[in-house]
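Got chain A sorted already, so can you dock chain B onto it with the hints?
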Amino acid sequence: MMRPVDEKESFAMEVETIVDSSVSSVKRYPPEMPHNGPLSSVAYSWILWRILKRLSKSIKVVIFGTKINILLPFGPLSIVLHFLTENHGLVFFFSLIGITPLAERLGYATEQLAAYTGQTVGGLLNATFGNATEMIIAIYALKNGMIRVVQQSLLGSILSNMLLVLGCAFFAGGVVHSKKDQIFNKAGAVVNSGLLLMAVMGLMFPAVLHFTHSEVQYGKSEVALSRFSSCVMLIAYASYLVFQLKSHRNLYHPIEDEEGLNEADLDQDEPPELSQWEAISWLAILTLWISILSEYLVDAIEGASDALNLPMAFISVILLPIVGNAAEHASAIMFAMKNKLDITLGVAIGSSTQISMFVIPFSVVVGWLMKQQMDLNFQLFETATLFITVLVVAFMLQDGTANYFKGLMLILCYFIVAASFYFHTDPEEKDD
Amino acid sequence: MGSMDGRSEHEFEDESLVSPMELTKMTNGLTGIHHGSFSAVEQQKSIDNINTSLLRSLKVILFTSKINILMPCGPLAVVIHHLTEDQGWVFFLSLLGIIPLAERLGFATEQLALFTGPTVGGLLNATFGNATEMIISVHALKGGMIRVVQQSLLGSILSNMLLVLGCAFFCGGIVFMKKDQVFDKAAAVVNSGLLLMAVMGLLFPAVLHYTHSEVHYGKSELALSRFSSCIMLVAYAFYLVFQLKGHNESYERVNEEGGQNEGGTDDEEVPEISKWEAIIWLAILTGWISVLSDYLVDAIQGASAAWNIPIAFISVILLPIVGNAAEHASAIMFAMKDKLDISLGVAIGSSTQISMFGIPFCVVVGWILGRPMDLNFQLFETASLFITVLVVAFMLQEGTSNYFKGLMLVLCYLIVAASFFVHVDPSPVQDKKP
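As given, the protein sequences belong to chains A and B, one line each in that order.
At position 194 of the first sequence (counting the first as 1) the number is 194 in the UniProt record's numbering, and the numbers step up by one without a gap.
At position 139 of the second sequence (counting the first as 1) the number is 139 in the UniProt record's numbering, and the numbers step up by one without a gap.
Note that these hints are calculated values from the structure, not bench results.
DSS-like mimics (lysine-lysine), calculated; alpha carbons at most 25 Å apart, straight line: (1) Lys178(B) x Lys246(A); (2) Lys185(B) x Lys186(A); (3) Lys186(A) x Lys179(B); (4) Lys178(B) x Lys186(A); (5) Lys337(B) x Lys246(A); (6) Lys246(A) x Lys179(B).
Just some of the chain B residues that point at chain A, by a computed CB distance under 7 Å: (7) Ala383; (8) Ile387; (9) Met395; (10) Phe404; (11) Leu407; (12) Met408; (13) Cys412; (14) Leu414; (15) Ile415; (16) Pro426.
Remember, it's a predicted structure, so these values are computed and weren't measured experimentally.
All C-beta atoms in this analysis are idealised placements derived from N, C-alpha and C, irrespective of residue type, glycine included.
Chain A extracted, bound-state conformation (with noise of 0.2 Å):
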């Protein structure tokens, strides 16, 4: 990084005009480089300038780059209550509220390091990162034992993409184009469904074999199943990723920049706003940001259910996505506003088939290493659920039209799943 003296002399006398203090710190900072002489000092100063400037717009862009990280106070705030009063209702609440700036911080972060990755590495990024934080959280419900809690999570997160997040779309989208129906790309929709329905084919064996009692080794045999069907998903799902970012790239296009979501990823030639190592950087700081709150999330959750008189399936499945989901659900809303469906249904639907096909049974290949004993046996009435909303909606998208009807549709129908989970919770396990 040696550039020619005068460069940096003259450099480093506009610098000096404006930070006084901070040159004459760094003076007194012990250099250990071998360097001598007034340049080094100079040279320091103007690295330290450099570092701190690029940090604080760095931290401009991330931080105050949006309106939605107004909630991130929420985050501290959620952890100080935890250490100070028993109520979990508070903590749940806060360490919620304050997850959703840094779900949608980090989703940016996922986004602008794409742009330098290109698109084959950039869409992977988006297809693992894109559901961070439900990976997250699921993780750390795993390591506490809390499989309903991970298993319900995850079933709810499908769900919420599948009727909340299409559903609001297609409608407000709708109200926007009311004149004709709004087009998307059909190929893309039929390859994601058909990837939802071989994921419930996953599901509905090992729990389907469970609960007619026609296991070889009752309760073991479906956990092995579950992991055997897990490694077989996984591999659908790397293959699937191959499939898209390969051989049909141009057929599926439109959809690839699904997890991304500011308007700037759209075209080409927009800039990034971040440099590649503050991405890297930034999606760092937020991962483990977001997993410290998920730590404080998961220990409040069922405090939080007595407290609030509210069932866990209700907590897991209807409050925790439409959180973790917030600002994909916004980006969503404005694209199908913007009339780029495609974009909507990447959003969606594609966040759908990665939770499915992807962290479903990543969850439980980890379970298998944490000696957990997480399995694809949803229970019944889960199972039944995402099946017949998977039907649905694949019914819905099969045309490859969307109007303000279908989208209302869609949101009455998750109204009638949310109330189902309402009123739920696990039957009493009736063991012979």
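Leaving out everything else, chain B in the frame of chain A:
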């Protein structure tokens, strides 16, 4: 006499097969025209004709297909059955022994179809296309092994819809990677509709029984099954009429499902054996398959114990894979030649045939034999069929295929196979729990 010249030409082609003695007989016969009584020469000639055509027939049937290497396994299985108690080996060998016979049966059917014209030919394919599965099922029914019948037919449907179709789509997609292959949507949709109707026919008795809501517990659903089977057979008959009369074109492509040789696709293809030979071979092969099936079915339980695999897995996965091996190979081959309609005809047509004809037919046969064969395939099997038909119907409705769809179907089959690997029938005690 022109035909005689023609035949002698043919014989010179087949010289390798015709023994020198035969040849001298023939030449004697030729020269015999000039001396000796006419009738004796004719008798000699006709005997020679029969001999040579028999040998030619044998050559065509037995030695032209490489798969017939497995033929000795059949007799070997019979021998082992009488020599040892090792049911595992008997089962395995008879299974292997049936494969070439099933393939040759398909060949003979297709050859016969060339003589009888498209209508009867289509009918022949429709009936004999799954003769192997039918024969095995009838033997199992006679032995009172109702669950084996149900599970092997179910497994045949699943294997055709997922494994055969998936492999065909996958291989075709790999060969034609640039763009999606297309197939005739209409035929696929009709078949999907029939499959869904079959699922309905199976679902009602099962659900009726398991919600404990029959008028006479256990007996009502048997009566319902028999009635539904008759209805399904009527539906299948109409389907045949619909295909053969109204939609001759599209059916002709499906017609080739029995023809495993490339020869079967062109109508101008000269049949390799005569009509009577085809009928005779059909009878012989059916008889042989019947014999081997007997040993196969007897050995199932022993094999399950010997290999420590659930009977469900053997019936649902192993039996059909082998029974369908020939169709499997031909479906893949047609897909790689971009004749996806024929692949679909083989795979989905076969599934439709089993579900709308094979299964109801077994129920009726069971009725006649006095066996309680019903359409209640138990909840797990019925649910598997239901979800599979839905997945496949959904995949097919678009009318295109690529390697990824094929891979998805194959992976679904893996999940199904794994489920049946850990599946046993629930013990009846739990059945009575409310």
